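With these hints in hand, go ahead and build the complete structure from the sequences.
All residue numbers for the sequence shown refer to our numbering, where the first residue is 11 and numbers rise by one.
A portion of the hints provided could be inaccurate.
Stated by the list, open to error - 25 Å max Cα-Cα, derived PhoX-like pairs, lysine-lysine:
#, residue 1, residue 2
1, Lys12, Lys59
2, Lys41, Lys12
3, Lys31, Lys41
Unchecked claim - Ranges of calculated distance between the beta carbons of each label pair, as one might list FRET restraints:
#, residue 1, residue 2, range
4, Gly64, Asp37, 27 to 37 Å
5, Tyr29, Glu92, 25 to 35 Å
6, Asp37, Asp90, 36 to 46 Å
7, Glu68, Tyr38, 11 to 21 Å
8, Arg73, Gln32, 18 to 28 Å
9, Glu67, Asp37, 30 to 40 Å
10, Glu68, Arg104, 26 to 36 Å
11, Cys93, Glu34, 25 to 35 Å
12, Asp90, Glu17, 16 to 26 Å
Since the hints were derived computationally from the structure, they do not count as laboratory data. Since the model is a prediction, treat every value here as computed from it, not as a measurement. No residue lacks a Cβ here, since even glycine has one placed at the ideal position from N, Cα and C.
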Amino acid sequence: MKIIWTESAQDDLLTIRQYLKQSESPDYARKVTQQIRDEVASLMQWPNKGTLVGELEELNLPRYRQLLAGQHRIIVECGDRECFYIYIVCHTSRDLAALLRRRILSS
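Below, the structure written as C-alpha coordinates:
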(Lines of atoms letter the chains of each structure in order from A and count residues from 1; the text may use other names and numbers.)
(Lines give C-alpha, C1' and ligand atoms only; values in the text may rest on other atoms or scores of the structure.)
Protein backbone atom coordinates (compact mmCIF):
# COMPACT_ATOMS: atom_id res chain seq x y z
CA MET A 1 0.00 0.00 0.00
CA LYS A 2 1.22 3.47 -0.85
CA ILE A 3 0.33 6.97 0.38
CA ILE A 4 0.86 9.85 -2.04
CA TRP A 5 0.71 13.43 -0.80
CA THR A 6 -0.32 15.87 -3.53
CA GLU A 7 1.73 19.03 -3.80
CA SER A 8 -1.20 21.09 -2.51
CA ALA A 9 -1.58 18.84 0.55
CA GLN A 10 2.15 19.14 1.26
CA ASP A 11 1.76 22.92 0.99
CA ASP A 12 -1.20 22.76 3.40
CA LEU A 13 0.90 20.92 5.96
CA LEU A 14 3.76 23.39 5.62
CA THR A 15 1.38 26.34 5.94
CA ILE A 16 -0.19 24.85 9.07
CA ARG A 17 3.23 24.26 10.57
CA GLN A 18 4.45 27.79 9.80
CA TYR A 19 1.26 29.36 11.15
CA LEU A 20 1.40 27.38 14.40
CA LYS A 21 5.11 28.03 14.77
CA GLN A 22 4.44 31.79 14.70
CA SER A 23 1.13 31.90 16.56
CA GLU A 24 1.82 29.20 19.17
CA SER A 25 5.30 27.66 19.42
CA PRO A 26 7.71 25.53 17.38
CA ASP A 27 7.05 22.55 19.68
CA TYR A 28 3.30 22.84 19.25
CA ALA A 29 3.70 23.15 15.47
CA ARG A 30 5.76 19.95 15.40
CA LYS A 31 3.24 18.16 17.61
CA VAL A 32 0.26 19.07 15.42
CA THR A 33 1.96 18.27 12.11
CA GLN A 34 3.16 14.94 13.51
CA GLN A 35 -0.38 14.18 14.66
CA ILE A 36 -1.58 14.81 11.09
CA ARG A 37 1.17 12.63 9.60
CA ASP A 38 0.40 9.84 12.10
CA GLU A 39 -3.29 9.93 11.22
CA VAL A 40 -2.47 9.61 7.51
CA ALA A 41 0.04 6.81 8.19
CA SER A 42 -2.65 4.89 10.10
CA LEU A 43 -4.26 4.15 6.71
CA MET A 44 -1.54 1.57 6.21
CA GLN A 45 -2.90 -0.44 9.13
CA TRP A 46 -6.58 0.47 8.74
CA PRO A 47 -7.23 1.07 5.02
CA ASN A 48 -11.01 1.44 5.53
CA LYS A 49 -10.53 4.21 8.08
CA GLY A 50 -12.32 7.52 7.73
CA THR A 51 -15.79 8.78 6.97
CA LEU A 52 -17.46 9.98 3.80
CA VAL A 53 -16.95 13.65 3.04
CA GLY A 54 -20.36 15.25 3.57
CA GLU A 55 -19.65 17.95 1.01
CA LEU A 56 -19.11 15.26 -1.66
CA GLU A 57 -21.93 12.84 -0.79
CA GLU A 58 -24.48 14.48 -3.08
CA LEU A 59 -22.00 14.17 -5.96
CA ASN A 60 -21.78 10.42 -5.35
CA LEU A 61 -18.00 10.37 -4.85
CA PRO A 62 -17.60 7.63 -2.23
CA ARG A 63 -13.91 7.09 -2.96
CA TYR A 64 -13.13 10.29 -1.02
CA ARG A 65 -12.97 10.05 2.75
CA GLN A 66 -11.94 12.31 5.56
CA LEU A 67 -9.75 11.70 8.54
CA LEU A 68 -9.63 13.93 11.59
CA ALA A 69 -6.45 14.85 13.41
CA GLY A 70 -7.25 17.21 16.25
CA GLN A 71 -8.84 20.25 14.63
CA HIS A 72 -7.74 19.35 11.10
CA ARG A 73 -9.55 17.53 8.31
CA ILE A 74 -7.58 15.38 5.90
CA ILE A 75 -9.23 14.58 2.57
CA VAL A 76 -8.10 11.27 1.10
CA GLU A 77 -8.92 9.59 -2.19
CA CYS A 78 -8.95 5.83 -1.97
CA GLY A 79 -7.94 5.01 -5.52
CA ASP A 80 -7.43 1.31 -5.70
CA ARG A 81 -6.56 -0.75 -2.66
CA GLU A 82 -2.90 -0.11 -3.34
CA CYS A 83 -2.84 3.68 -3.19
CA PHE A 84 -4.19 6.61 -1.16
CA TYR A 85 -3.93 10.21 -2.35
CA ILE A 86 -3.90 13.03 0.21
CA TYR A 87 -5.54 16.09 -1.34
CA ILE A 88 -6.37 18.56 1.41
CA VAL A 89 -5.31 19.22 4.98
CA CYS A 90 -7.24 22.08 6.55
CA HIS A 91 -8.51 23.39 9.85
CA THR A 92 -12.09 22.37 10.60
CA SER A 93 -13.14 26.03 10.53
CA ARG A 94 -12.15 26.41 6.85
CA ASP A 95 -14.69 26.35 4.02
CA LEU A 96 -14.08 22.80 2.82
CA ALA A 97 -16.64 23.04 0.01
CA ALA A 98 -14.66 25.90 -1.58
CA LEU A 99 -11.38 24.00 -1.23
CA LEU A 100 -12.93 20.89 -2.77
CA ARG A 101 -14.24 22.87 -5.73
CA ARG A 102 -10.81 24.37 -6.37
CA ARG A 103 -8.72 21.26 -5.90
CA ILE A 104 -10.74 18.19 -6.69
CA LEU A 105 -13.78 19.07 -8.73
CA SER A 106 -11.91 21.40 -11.08
CA SER A 107 -9.32 18.76 -12.01
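Evaluated hints:
{"no.": "1", "hint": "Lys12 with Lys59", "result": "holds, 15 Å"}
{"no.": "2", "hint": "Lys41 with Lys12", "result": "holds, 24 Å"}
{"no.": "3", "hint": "Lys31 with Lys41", "result": "holds, 10 Å"}
{"no.": "4", "hint": "Gly64 with Asp37: 27 to 37 Å", "result": "holds, 33 Å"}
{"no.": "5", "hint": "Tyr29 with Glu92: 25 to 35 Å", "result": "holds, 33 Å"}
{"no.": "6", "hint": "Asp37 with Asp90: 36 to 46 Å", "result": "holds, 38 Å"}
{"no.": "7", "hint": "Glu68 with Tyr38: 11 to 21 Å", "result": "violated, 37 Å"}
{"no.": "8", "hint": "Arg73 with Gln32: 18 to 28 Å", "result": "violated, 36 Å"}
{"no.": "9", "hint": "Glu67 with Asp37: 30 to 40 Å", "result": "holds, 38 Å"}
{"no.": "10", "hint": "Glu68 with Arg104: 26 to 36 Å", "result": "violated, 20 Å"}
{"no.": "11", "hint": "Cys93 with Glu34: 25 to 35 Å", "result": "holds, 34 Å"}
{"no.": "12", "hint": "Asp90 with Glu17: 16 to 26 Å", "result": "holds, 21 Å"}
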